[in-house]
Amino acid sequence: MKKIKKYLEFFAIATTFAIGSMNYMEAVTLKITCRSKGKELELLRKAIEEWMVKHDGEHKVEIVTLPHASNECFALYQQWFGAESFDVDILQLDVAWVGIFSDYLLALDEYCAGQLDMNDYFDIIKENMYGNDGRIIALPLYTDCGMIYYRRDLLEKYAKPVPQTLEEMYDTALYIQNEERKDESKQNKFYGFVLQAKAFEILTCNFAEILDACGGAIVKNDVVEINSARGSYAIEFMIKCQKNIMSRSVLNYSEEDARGVFQSGNAVFMRNWPYAYALMNDPSTAVAGKIGVMTIPPSAVNGKESGVLGGWFMGVSRYSKHKELAADLAMFISGKAQQKIRVEFSYLPTFKSLYSDPDVLKMNPFVANMQKPLLNAVARPSKVFGKNYTKASSEIFNTINTILTESIDNTEDFNANKHMNRLNEKLSRLLQEKQQKKITNTAEDDSKTGFFRSILNSIMRFFGKH
Amino acid sequence: MQNQKTNKKRFDFSNWLFLFPCLFVLVLCAGWPLIRTVFFSFTNATLDNLNHADFVGVNNFISLARDQDWWKAVFNTFVIAGISVPLETFLGMIIALMLHTNFRGRGLMRAIVLVPWVIPTIVSARMWAWMLNDSYGIINELLLKASLIKMPVPWIASHFLSIVSIIIVEVWKTTPYMALLLLAGLQGMPQDCFEAAEVDGVPLRRRFTSIILPMMKPTIIVAVIFRTLDAVRIFDLVYVLSSGNNSNATMSVFARRHLVDYADVGFGSAAATALLFFIAFLGVLYISFNQRKLQKMD
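Those protein sequences? They're chains A and B, same order as listed. Okay, so the first sequence: first residue is 1 according to this note's numbering, each after it adds one. Okay, so the second sequence: first residue is 1 according to this note's numbering, each after it adds one.
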């Protein structure tokens with residue numbers, strides 16, 4: 001662990017660079033983390049420059065770039081928060097982490113009182129801004145939402161309407177797949193549907209939205225009910241897709257693999273994030289100009305439109321030495337004016353009003369498609385599970401991946417419900433564990449008595465620190 | 001025996017002085033993290049709470065022993081090691097014998113053979129992942145063109161096949177290492193036996209089974225020990241080439257998942273410590289077993 005920690009520290013330091021050169025005695029240097037994916041770093045740098053000009057170049061800001069893989073950022077944050085000497089002020093957080101890091105983030109209420117247009121945030125985004133104690137702890141930077149891409153040209157060719165329900169989408173996909181496969185060159189590689197079923201967080205996202213579209217939920221009123229009737233309906237639907245309209249290899253697909261298949265014209269429908277739209281409409285692709293988008297359609301029985309919520313937030317560390325300034329910078333970067341600039345590069349704004357803003361629509365007409373999915377979006381249960389969320393999510397994606405695999409392997413005693421019941425049990429245990437932790441945390445200090453135990457604990461501290 | 005006694009008497013402080021830098025670095029880089037990991041395995045430490053964790057005794061090991069996923073990982077590890085090491089030894093032997101003969105460009109050939117072993121594993125694993133992909137991978141394309149298969153094979157998407165793929169890549173990667181070790185053994189053998197056998201007209205197969213193999217035994221044993229210990233801690237290939245499902249994780253992938261992804265340092269360290277014991281146990285078993293054999297041969 002020491003090695004990894006050292007390595008990560010080195011990585012962070014090595015990639016840190018300072019912006020601004022003014023040096024006053026009272027000048028403050030803030031540290032902010034940023035992912036280096038796509039245009040993010042460049043946009044953040046510009047935003048920071050503007051902010052510094054606003055403050056007459058009085059303060060400096062250092063950007064700490066994060067590792068590429070988001071699960072590594074997550075581990076890095078946990079180590080930072082665990083070490084008490086912690087000097088990063090502002091952190092970029094995945095929407096699913098806000099609830100997990102709730103204890104370590106500064107409540108922003110008093111710093112941004114009256115400065116936030118709370119009514120303009122989408123409800124689902126607003127819900128994720130609050131910590132466990134009901135105070136605002138994170139400001140949304142941009143958002144993301146799962147959606148369905150379809151091939152307009154193929155629907156027209158076979159005179160099929162844009163499907164209104166999940167079941168209709170399945171039928172259409174199956175029909176077009178069979179028709180298209182009559183062409184010899186497409187026999188082995190044309191599929192009706194493609195999604196992401198690699199055993200990673202992305203599969204939890206995929207499942208959460210199909211479950212939501214079928215009218216179910218992973219956790220409802222603090223009770224796990226993933227194996228409810230709606231839950232089994234959702235998993236049956238996925239099995240049906242896996243067996244008949246999806247390639248076996250989706251079991252190892254993440255976003256880019258799925259895009260590869262759809263972009264080369266080998267699928268009718270695809271589930272993906274909005275980022276894929278601009279890339280696939282590049283004139284060099286086989287599907288440019290032939291793509292339509294829609295929300296995840298509702299199931300015909302008891303369903304609702306859906307799409308899982310993604311996106312990144314900004315939070316201020318509770319250990320920051322310059323809380324006020326850090327909150328000010330976070331508010332500036334996540335503010336409406338800055339979000340408007342980012343629209344050009346397909347970072348979706350978190351304010352409802354921007355979706356009807358003429359400037360925004362002129363810059364990126366695609367944004368108009370996204371308001372409806374965001375209004376219907378569903379969040380992953382990260383807040384309910386708190387620190388146990390990564391375990392819970394891993395149980396979910398492992399189980400779903402196993403079920404889908406076994407369903408096509410024709411395992412003899414294959415029984416999806418058995419897996420779902422076991423999953424339900426495991427998730428319930430994780431939820432209980434988390435609720436118990438909350439209670440024991442307060443009484444913990446009194447229990448540390450006894451000579452032997454205290455010696456062990458002091459050795460423990462020694463090991464922990466070095 | 002006589003020798004040993006005189007050695008003991010002449011304990012030389014300067015020996016230790018010269019060894020000190022090496023030992024110091026070893027303790028610092030390997031010893032300390034190791035002790036720390038073992039220690040953490042008896043606590044309930046989490047990644048965000050390393051300093052204030054509590055001692056929980058052997059609880060972590062008990063839950064590890066009850067964890068089905070762990071035993072699955074142990075099973076997978078031994079399947080991969082158990083199949084790949086014999087294959088590597090077999091292929092390595094053939095290559096070593098070939099490289100031992102005299103032919104033009106032998107030096108160049110010896111260098112080229114090492115290439116798969118020299119490439120960093122994570123790079124070659126990525127490379128293979130691309131080649132094995134079912135929709136744009138070259139391997140499926142070639143097999144399809146040669147009409148060996150009708151449908152693209154999901155090499156890394158099915159649990160069974162991804163284990164097969166991991167073994168294939170593992171063998172591809174480490175056979176050169178095996179060949180190198182065995183070649184060194186071959187070159188160290190006295191040539192007169194072969195010449196005598198050749199003069200006496202002993203057939204090739206007999207020469208191999210009755211002369212080369214027995215004389216190579218110590219080298220083969222050492223090479224197999226090295227490779228097995230190495231194969232048991234396989235990580236990078238599995239991390240890249242499997243779908244991430246628990247059912248095809250190996251022990252080190254399992255430990256990493258709990259340490260980093262779940263932030264459960266206590267439990268993850270317990271898994272890492274258990275892995276360490278597996279390796280140590282295997283090492284001791286091998287060495288003691290073979291020492292008896294080697295002594296017999298002497």
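Some hints here could point you the wrong way.
[Stated by the list, open to error] Chain A regions said to be covered by chain B (calculated; three or more residues, Cβ under 8 Å): (1) 44–54; (2) 224–231; (3) 357–367.
[What the hints assert, rightly or not] Pair by pair, the computed Cβ-Cβ distance ranges are: (4) A:260 to B:235: 50 to 58 Å; (5) B:62 to A:182: 57 to 65 Å; (6) A:87 to B:28: 36 to 44 Å; (7) A:162 to B:229: 52 to 60 Å; (8) B:82 to A:87: 27 to 35 Å; (9) B:123 to A:183: 58 to 66 Å.
[Unchecked claim] Taking lysine-lysine pairs in the DSS-like style, the calculated list, with each CA pair at most 25 Å apart, reads: (10) B:145 to A:189; (11) A:352 to A:321; (12) A:418 to B:72.
Please keep in mind that the hints were generated in silico from the structure rather than gathered at the bench. All residues carry an ideal CB built from backbone N, CA and C; glycine is no exception.
Hints versus structure:
1. Only residues whose C-beta sits within less than 8 Å of a C-beta in chain B count toward coverage, and the segment 44–54 of chain A has 0 of them, not enough to reach three; the restraint is violated.
2. Taking a C-beta to C-beta cut-off of 8 Å, the segment 224–231 of chain A contributes 0 residues in contact with chain B, too few for the three needed, and the coverage statement is violated.
3. Counting residues of the segment 357–367 of chain A whose C-beta lies closer than 8 Å to any C-beta of chain B gives 0; at least three are required, and the coverage claim is violated.
4. Range check, residue 260 (chain A) to residue 235 (chain B): about 27 Å between beta-carbon atoms, so the 50 to 58 Å window is missed.
5. For residue 62 (chain B) paired with residue 182 (chain A), a C-beta distance near 59 Å keeps the hint of 57 to 65 Å intact.
6. Checked against the hint of 36 to 44 Å, the pair residue 87 (chain A) and residue 28 (chain B) fails, with Cβ atoms roughly 26 Å apart.
7. In this structure the hint that residue 162 (chain A) and residue 229 (chain B) lie 52 to 60 Å apart at CB holds, the actual value being about 59 Å.
8. A C-beta distance of roughly 49 Å is found between residue 82 (chain B) and residue 87 (chain A), which places it outside the suggested range of 27 to 35 Å.
9. Our hint of 58 to 66 Å for residue 123 (chain B) and residue 183 (chain A) is violated, since their Cβ atoms are close to 38 Å apart.
10. The straight-line distance between the Cα atoms of residue 145 (chain B) and residue 189 (chain A) is roughly 14 Å, inside the 25 Å bound, and the hint therefore holds.
11. Note on residue 352 (chain A) and residue 321 (chain A): the hinted pairing is violated, with a Cα-Cα distance of about 34 Å set against a maximum of 25 Å.
12. Restraint check for residue 418 (chain A) and residue 72 (chain B): satisfied, since their Cα atoms lie roughly 19 Å apart, inside the 25 Å limit.
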